[in-house]
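The chain contents come next:
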Amino acid sequence: MNAPSPDSKDKPAAVEAAGLECGYDGVAVLKNISFAVRPGEVFFIIGGSGCGKSTLLRNLIGIQTPMAGAVTFSGRSFTQATVEARRDLLKTFGVLYQSGALWTSLTLRQNVALPLEEYTALSKREIEELATLKLAQVGLGGFEDYYPSEISGGMKKRAGLARALALDPAILFLDEPSAGLDPITSRKLDDLVLQIRDLFGTTLVVVSHELASIFAIADRVILLDRAEKGIVAEGPPRELAERSRDPRVIEFLHRGDRPGAAALP
Amino acid sequence: MAASTETGSAQASARAEGETLVVSLAGTWRITAPRPSWTEVLAQRSPRRVRLAVDAAGSWDSSLVLFLFEARQWCRATGAQADIEGLPEKLRTLLAQMAASHETSLPRDRSENFFQVVGLATLDAGLKLRAIFRFVGECVIALVQLVKKPHKFRWADCLDEMQQCGAMALPIVSLISFLVGVTLAYTGALVLRQYGGDIYVADLIGLAMVREMGAMMTGVVLAGRTGAAFAATIGNMKANEEIDALETLGIPAVNFLVLPRLLALGVMMPLLALYANALGILGGMAVAKSVLEISPTAYWVEMLTIVSLGDVTVGAIKAVAFGLIVGLSGCLCGLQAERSAAGVGRAATSAVVTAILFIIVADALFAVAFNVIGL
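Quick note, the sequences are listed as chains V and R, same order.
Going letter by letter, the first sequence gives residues 1 to 265 in our numbering.
Going letter by letter, the second sequence gives residues 266 to 640 in our numbering.
Here chain R stands alone, though its shape is the one from the complex (with noise of 0.2 Å):
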């Protein structure tokens, strides 16, 4: 009985010659090309032996190795004998280092209990809330040596810095603010012109930019924009080698990286938010005298009877705290990164969500703050 299958230009056929299937290979046997099963060719039967046969005109690669040990592999689960002496050696190779790397190939176990798990992140979270606070203890003293020995500071770096987390943020700040502003306008509009107190729009925007949304806002853009960057920045140096290069010039990566950084975004942080105000408040004076007919003057006039130069000292002072998380998470995230570029794109995003979380955190406590001083 014989039987034959081609699939593609590979081609298996087998004959029974007794209790041993003569199986003989020809063709092409190639990976990326289909090829017969082992199954198919064995067609239901059970031989005691099988014999394996390979055409010395054909070509092959890993495709009839495969093929090959499928058989060895059902011949060794039937308790049937191989015969491979017909195979050519090179072939013969090939399947004892397949058989030799199936044999210690082991799964390896990667799986953690419940406890090792917890116990691990609890530890982590240690060591980070750890490393937080070492980190802001090394930008204090490194500011310190900076009003010590100014001349040291790198002013250069600096203003390259403020000129990309300020002067380069201003078109994003723009937008965002402005229809911030528009939102806020139509969301008031839709409740005081219920109580036809339409002008107290006004207030609210003038009050809800200066204290609260400009300063949040710039923090958030701020937080995707240049605290990602920072990240990235710092991380790539990482990986890069550069920090380790910095730390054996006996140069604290903090003084030289972080200090530039952080005290760029202190200084254009407030000023950002300033400019964020304007642009809501103009917003929302669009609004006004387009949807509710009040007229910039009025609405001018009625914002400054609330709006006092307290609120805007408050927005301020948010502002420079919201700069220094940003740049703080930004430099930490980066001075963390895993040397490669996974971790990279890890310690960017982190910056990003840590940086929001502690600005969020950071406005409840300054409401809490503020209104036991009065402010």
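If we strip away everything but chain V, and leave its shape as in the complex, we get (with noise of 0.2 Å):
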């Protein structure tokens, strides 16, 4: 995939969510929610627990319908998708989630070859050699046969990132790609984050509440929050730290910055 051109504004956003409203069993979580990601940006999606993050993608993948508003992807409704629209639309975007979410019964290649089967008519050698591609991408060249019972907890979202990679999706949604992770293991994560959007132009949408990956790699952010129920804040992470004085931003971005902690040991 070509990587967009930086100045790629004037293209219809990649995701955009318009009055959104999403809740369970009719109570609203979050409220008037609206965005527009731009393709090939890496947007953020934050806030502290319970404040609606992962409610807000699950509508935005369509596991939920949203209680009001809606989701377009590149201009296209899908929210209001018939069922083949729909299906089309599932081609365009993969989802990372939170625990990898590996089918145990298949190899790491199998898990990663199931979208291409579904979606593509290639021959079965070039589906594994395309899944022994994507797995060597996220760094799991040598594991293609090994089941998911059978790596680490990192190693098993690196595979999920690549399932989620498999049919080369112009968007790709991550669901606390850090969660559980040694910092170690997080910064590599976000650094292949990073290679992704650049050579394959991907836009990254990406729930979080990770600080160090916040400020490493997100263009923009909008910060969810749980009183509000809705965006309290939205621009590039530094630049929010720097400029906002909204005690909800101050608390969130500047948390880290306990007095007296640097003199610890």
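Rather than coming from a laboratory, the hints here were simulated on the basis of the structure.
Owing to the predicted nature of the structure, the values given are computational and were not obtained by experimental measurement.
Even for Gly, the Cβ is constructed at its ideal location relative to N, Cα and C.
Errors might be hidden in some of the hints.
[What the hints assert, rightly or not] Derived pair list, reagent style BS3-like, types lysine-lysine, alpha-carbon separation capped at 30 Å:
| id | chain 1 | residue 1 | chain 2 | residue 2 |
| --- | --- | --- | --- | --- |
| 1 | V | 91 | R | 355 |
| 2 | V | 124 | V | 91 |
| 3 | V | 11 | V | 91 |
| 4 | V | 124 | V | 156 |
| 5 | V | 11 | V | 31 |
| 6 | V | 124 | R | 355 |
| 7 | V | 11 | R | 355 |
| 8 | V | 188 | V | 91 |
| 9 | V | 156 | R | 355 |
| 10 | V | 156 | V | 91 |
| 11 | V | 156 | V | 188 |
| 12 | V | 31 | V | 91 |
| 13 | R | 355 | V | 188 |
| 14 | V | 31 | V | 229 |
[As the list claims (entries may be wrong)] If you want a taste of the chain V side facing chain R, the calculated C-beta under 7 Å gives, among others:
| id | residue |
| --- | --- |
| 15 | 91 |
| 16 | 132 |
| 17 | 141 |
| 18 | 149 |
| 19 | 168 |
Using the hints, put the two standalone chains together into the complex.
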């Protein structure tokens, strides 16, 4: 996939949420959520635990139906799509779930191959070659025939990423990619995310509350707040951290700055 | 000589320049859309050199990488020179990655020889047998602790389990037992009618239900219903590290999880078996009345001539044993489950199979034992 030019602002938004209302059993957790993710952007949905980050993601990727509002991918409506159009749109994005969500009865190669078998007319050999390439791209070369139970948590995430990349999606959704990982593995995963963006021009929508990742790779963020049930800030993370006077933004983005922390051994 | 292949919106055209085949690739290459194959583009030519070029205006994904890789593999196999200098840098990087992954990917050998398989299976069987004895031993120790310190026992959990495996199982036990009684009555009537002994159908059903079928059918139903539930619940708890949390608090899982369930089944099983006996007899009585025209009173009186309290005791003893078998196999399979969704599923299946197998084995042993002691 050709990487998009940085001046892709004139193109339709890769992901757009308009007046989205999400919740459970008729009770809204998030209200009036509107934002647009530009093609090739690394976009973070951030916020404290229980603020509705994962709920928003579930609504964006169609696992949950929004109570109101619309989601569009590259100008095409996802929420109002017909069954055929929806199936078509599903091919345009990949999702990395929090736990990797690998199918335990399949090897890593088979996990990556499954979307290719479902959506392409490639031969078995080609699918295997491509699955091997995807696994190599996430640093899992040589582990193709391992089962998910035989690899570590970080490797599972990377294998999940390889599977999400199988169909070369234009958009990649990542749900808490760094959760449960050590700082080194987490940083490697961040580097990988940037590599994917640079090499494939993929748009990345990341749900996270890991400050290190947010400052390292996010182009832009939206901050969700539980009490507000919506977006309380939007912009590049450093800019928000430096300029915002909103106590919720300051509390979230500066929570590492505990007085006297530097004096500790 | 020039040739062009277009599939969907992916285009590949080739023209010969002396001994060089210049392949131009254009259009939109998408992995989910059809694309030209290298063989089609080659069209049975055998160039000494292949120059690959991509139109900068087109867009591509792994589909084009696969095509280029196929071309390079062909060049390598035939000794032709592949010129990829005209390709964008990103594409060359991906092609290099693909070549590297192709070289380093070796299928993992999971094959085992016959002796290895037999050896491992034998070792596994030995370990499983040891685990069963150990588990039963732990349960006995936990039971002794319960007798010594009854206030430490989780009575609330036990009562909850009693409700789950006892009261909640009544509808299915009722249906199965009644139908077993009906089936036995019809089968018995087929033979007994020939000799004019219709009335003895009451003896047949009474004895069969009280000594065998009541306890056996309840055991089988509970193996599928309760045993599987025990295995799934405990297996899931293991996957969620809840069992580890208990162990690190110094609370044995057997005391906390297993004993309340075992006790609940041990108490409820004979009660359910008695209930099943009654329903089975009722089913037989219904058939006797409607098909054989035997009055319920005659049926009842005839049945009492053969069914004694000893037979009811035999059924109750079996029921307690079957209940313990169901509980033990369910809890043991749950505790031995692998820490995954598939592992929990396998544990539930294994619990049901193990329980039914041991119920039948135990029933056979009971038959021999009761025969020897004259019960």
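Taking the hints in turn, this is what the structure says about them:
With a C-alpha separation of about 23 Å, the suggested pair residue 91(V) and residue 355(R) falls inside the 30 Å cut-off, and the hint holds. This hinted pair checks out: residue 124(V) and residue 91(V) have alpha carbons roughly 19 Å apart, not beyond 30 Å. Between the alpha carbons of residue 11(V) and residue 91(V) the distance comes to roughly 20 Å, so the proposed pair stays at or under 30 Å and holds. Distance hint between residue 124(V) and residue 156(V) is fulfilled; the C-alpha atoms sit about 24 Å from each other, no more than 30 Å.
A threshold of 30 Å between alpha carbons decides the hint, and for residue 11(V) with residue 31(V) the separation of about 27 Å falls inside it, so the pair holds. Between the alpha carbons of residue 124(V) and residue 355(R) the distance comes to roughly 26 Å, so the proposed pair stays at or under 30 Å and holds. With a CA separation close to 22 Å, the supplied pair residue 11(V) and residue 355(R) stays within the 30 Å bound. A threshold of 30 Å between alpha carbons decides the hint, and for residue 188(V) with residue 91(V) the separation of about 27 Å falls inside it, so the pair holds.
Only pairs whose Cα atoms come within 30 Å are accepted, and residue 156(V) paired with residue 355(R) is accepted, the gap being roughly 27 Å. Pair hint residue 156(V) plus residue 91(V) holds up; C-alpha atoms about 22 Å apart against a cutoff of 30 Å. Between residue 156(V) and residue 188(V), the direct Cα distance comes to roughly 14 Å. Compliance with the 30 Å bound is thereby established for this hinted pair. Between residue 31(V) and residue 91(V) the CA atoms are separated by roughly 28 Å; this keeps the pair inside 30 Å, and the hint holds.
A threshold of 30 Å between alpha carbons decides the hint, and for residue 355(R) with residue 188(V) the separation of about 21 Å falls inside it, so the pair holds. The straight-line distance between the Cα atoms of residue 31(V) and residue 229(V) is roughly 6 Å, inside the 30 Å bound, and the hint therefore holds. A hinted interface residue such as residue 91(V) counts as satisfied when its beta carbon comes closer than 7 Å to some beta carbon of chain R; here the least separation is about 5 Å, so the hint holds. The beta carbon of residue 132(V) comes within 5 Å of a beta carbon in chain R, closer than 7 Å, and the hint placing it at the interface holds.
Proximity of residue 141(V) to chain R holds as hinted, the smallest CB-CB distance being about 5 Å (cut-off 7 Å). Because the smallest distance between the Cβ of residue 149(V) and any Cβ of chain R comes to about 6 Å, under 7 Å, the interface hint for this residue holds. Interface restraint check: residue 168(V) against chain R, minimum CB-CB distance 4 Å, threshold 7 Å, status holds.
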